[in-house]
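As a plain string of letters, each chain reads:
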Amino acid sequence: MLTVQEIANVVEGILFLSPRPVKLSDIAVNLDVDPGLLNEAMERLKERYADCGLELCGVAGGFELTSRKDYVEHLRAFFGELDKSRLSRAALETMSIIAYKQPVSRADIEDLRGVNSSGAIHSLLDKSLIRISDRGETIGRPFMYSTTPDFLRYLGLEKLEDLPPIESFEKKV
Amino acid sequence: MLTVQEIANVVEGILFLSPRPVKLSDIAVNLDVDPGLLNEAMERLKERYADCGLELCGVAGGFELTSRKDYVEHLRAFFGELDKSRLSRAALETMSIIAYKQPVSRADIEDLRGVNSSGAIHSLLDKSLIRISDRGETIGRPFMYSTTPDFLRYLGLEKLEDLPPIESFEKKV
Amino acid sequence: MLFDILLDVTGFNGSFEMLVEQVRRHELDVIHVKLAEVAERLVEAVRPNIDLQQFTPFLSLSKLLFVKSRNLLPGRDQFGETGLDEEAAQEEEEPTEVRERLLEQYKAFQSVRDHFRELETLNASRLRSMQTRTGEMPGFIDEIVFLEKVTPFDLLAAMAQIERRSREDRSYHVRANEGQRLSDRIAEVFSFILERRGGPVSFNDIVSIAPQKQEAVISFLAVIYLVAQGKVAAHQKIPYGDIIITAGAAG
Chain A
1 MLTVQEIANV VEGILFLSPR PVKLSDIAVN LDVDPGLLNE AMERLKERYA
51 DCGLELCGVA GGFELTSRKD YVEHLRAFFG ELDKSRLSRA ALETMSIIAY
101 KQPVSRADIE DLRGVNSSGA IHSLLDKSLI RISDRGETIG RPFMYSTTPD
151 FLRYLGLEKL EDLPPIESFE KKV
Chain B
1 MLTVQEIANV VEGILFLSPR PVKLSDIAVN LDVDPGLLNE AMERLKERYA
51 DCGLELCGVA GGFELTSRKD YVEHLRAFFG ELDKSRLSRA ALETMSIIAY
101 KQPVSRADIE DLRGVNSSGA IHSLLDKSLI RISDRGETIG RPFMYSTTPD
151 FLRYLGLEKL EDLPPIESFE KKV
Chain C
1 MLFDILLDVT GFNGSFEMLV EQVRRHELDV IHVKLAEVAE RLVEAVRPNI
51 DLQQFTPFLS LSKLLFVKSR NLLPGRDQFG ETGLDEEAAQ EEEEPTEVRE
101 RLLEQYKAFQ SVRDHFRELE TLNASRLRSM QTRTGEMPGF IDEIVFLEKV
151 TPFDLLAAMA QIERRSREDR SYHVRANEGQ RLSDRIAEVF SFILERRGGP
201 VSFNDIVSIA PQKQEAVISF LAVIYLVAQG KVAAHQKIPY GDIIITAGAA
251 G
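Listed in order, the protein sequences are those of chains A, B and C. Just so you know, we're using the numbering used here here: the first sequence kicks off at 1 and counts up by one. Just so you know, we're using the numbering used here here: the second sequence kicks off at 1 and counts up by one. Just so you know, we're using the numbering used here here: the third sequence kicks off at 1 and counts up by one.
Mixed in with the good hints there might be a few duds.
16 Å max Cα-Cα, derived EDC-like pairs, lysine to aspartate or glutamate [unchecked claim]:
(1) Lys69/B to Glu6/A
(2) Lys34/C to Asp8/C
(3) Lys84/B to Glu73/B
(4) Lys107/C to Glu170/B
(5) Lys101/A to Asp162/A
(6) Lys84/A to Glu148/C
(7) Lys149/C to Asp134/B
(8) Lys46/A to Glu64/A
In case anyone wonders, no lab produced these hints; they're calculated from the structure. No experiment lies behind these values; they were computed from the predicted model shown.
Taking the hints into account, I'd like the entire structure generated from these sequences.
Printed below as a string of structure tokens:
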């Protein structure tokens with residue numbers, strides 16, 4: 001049997017991990033805990049989250065853990081700055097496709113990656129690592145993307161031909 | 001100016017939202033907070049997370065919030081099939097050699113293991129646990145492999161120096 | 001015979017046959033013999049009358065070159081590993097120091113591997129929100145992972161991975177015995193939408209938090225079926241984006 005404190009800890013973990021609000025009834029059923037003890041545990045959690053960087057919100061018949069809205073500007077600023085100096089995995093993948101296949105359309109990139117890539121393309125355009133170099137000949141005359149001189153500088157390359165050839169990977173790894 | 005408590009709250013929000021371990025230096029620079037105050041704020045957070053449903057872990061040179069390991073069975077029960085995949089023996093062995101000998105070539109790894117290790121290297125590269133860090137000076141200019149921050153995170157290590165010296169394993173043999 | 005040819009080269013004085021024999025018997029270290037000069041002498045001797053038979057010494061010369069190159073590397077024995085002399089190889093069967101050292105190192109790495117396995121297991125019980133929250137991050141946190149210091153090699157590795165991934169079979173086959181699951185799912189999805197007073201309902205709401213491929217596919221097929229029957233309308237704003245479902249046919 002779980003103690004009230006243990007129940008509170010498990011619920012805290014569930015709320016931390018869940019992308020959506022969680023219903024107490026779902027927790028009670030799934031973990032087989034007494035609803036009375038669960039309510040007690042929720043009271044402890046509410047107290048714990050009364051005044052900190054996160055908020056325990058009751059929404060849509062459930063509970064959800066979010067960052068506290070008072071700090072949203074600081075959080076935006078932090079992640080915005082981080083984004084300026086870093087690449088995301090999606091951006092890296094998109095950049096390698098553009099580097100090796102340029103000029104290439106967004107549809108071709110998405111075909112290869114298998115996921116929507118508009119966010120990554122925007123972020124690379126913002127960083128001036130890629131540019132719209134042309135319009136394709138296919139239906140809709142899509143934008144074609146190529147790398148920029150900033151791209152070469154970013155990777156410390158003199159010219160595009162200095163990129164390690166793709167065949168070298170299969171041969172050497 | 002943010003107070004220590006406000007800094008602690010902002011950091012808590014950042015750690016909650018960030019998909020990756022966060023470096024204190026990034027917080028100090030991006031939010032322009034005094035490193036002394038930031039350290040004080042971190043002490044408060046460590047205390048706050050000393051005994052609850054979440055863990056504040058120091059990994060890969062930064063901090064990360066995770067669920068507390070004691071409750072993993074309950075959390076798995078609630079969320080159903082979460083990815084449980086582990087590295088193969090071959091991949092883990094290859095990763096051990098790279099961790100201690102980096103930068104190291106595939107030939108050197110295969111000399112030690114006595115078997116082809118290309119599959120293991122592929123799978124470690126795909127998981128971002130290792131990266132090609134350079135090309136060697138020997139014949140064929142082979143790729144040289146090193147571990148990544150994700151390697152540290154995967155094993156819950158703060159830095160490479162936290163690995164026990166290789167001699168301690170030699171004695172065990 | 002060319003084997004009888006007399007050599008006077010750096011590091012050796014005598015017949016070619018003697019040279020080969022002495023190296024084989026470990027009486028002479030081939031490292032100190034200039035084989036290029038030997039080759040020159042042999043070529044000079046062969047030039048006036050070319051006869052294929054006479055080329056056999058070149059085979060022996062090439063073996064000497066091979067032995068010499070091996071011996072320039074540390075920890076190798078003269079004939080032992082070259083196959084030039086099986087007898088000598090058998091006499092030298094004891095593992096070399098290099099082998100022993102490698103074996104010892106390998107054993108140490110096996111212990112490292114076991115240690116890593118323990119760390120892996122321990123660390124896997126700390127769950128990260130990324131395992132469940134994928135794709136649900138607030139818009140201002142760009143996309144999942146932030147990388148520092150990207151190199152051309154990272155680009156290469158990423159490209160190779162994408163190509164391999166795109167070659168993989170991404171199709172999913174619905175087997176005959178899944179027909180029942182599908183019709184159950186159609187009923188479930190439809191009643192779920194009606195429960196929500198006809199929607200709108202997000203596709204994410206009708207699958208579990210971290211759906212397996214099978215669950216996602218069956219649920220998707222159920223939605224498609226309901227659309228075809230004119231019972232619901234589905235709308236997707238951007239490719240790969242969320243699908244919004246409402247009761248009733250599309251207007």
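We went through each hint and held it up to the structure:
1. Lys69/B to Glu6/A: OK: Lys69/B and Glu6/A at ~13 Å, within 16 Å.
2. Lys34/C to Asp8/C: holds, 10 Å
3. Lys84/B to Glu73/B: It holds: about 12 Å lies between the C-alpha atoms, which stays within 16 Å.
4. Lys107/C to Glu170/B: Holds - the C-alpha atoms of Glu170/B and Lys107/C are around 8 Å apart, at most 16 Å.
5. Lys101/A to Asp162/A: Distance ~15 Å between Lys101/A and Asp162/A Cα, so the pair holds.
6. Lys84/A to Glu148/C: Holds, at roughly 11 Å.
7. Lys149/C to Asp134/B: holds, 13 Å
8. Lys46/A to Glu64/A: With Cα atoms ~11 Å apart, Lys46/A and Glu64/A stay inside 16 Å; holds.
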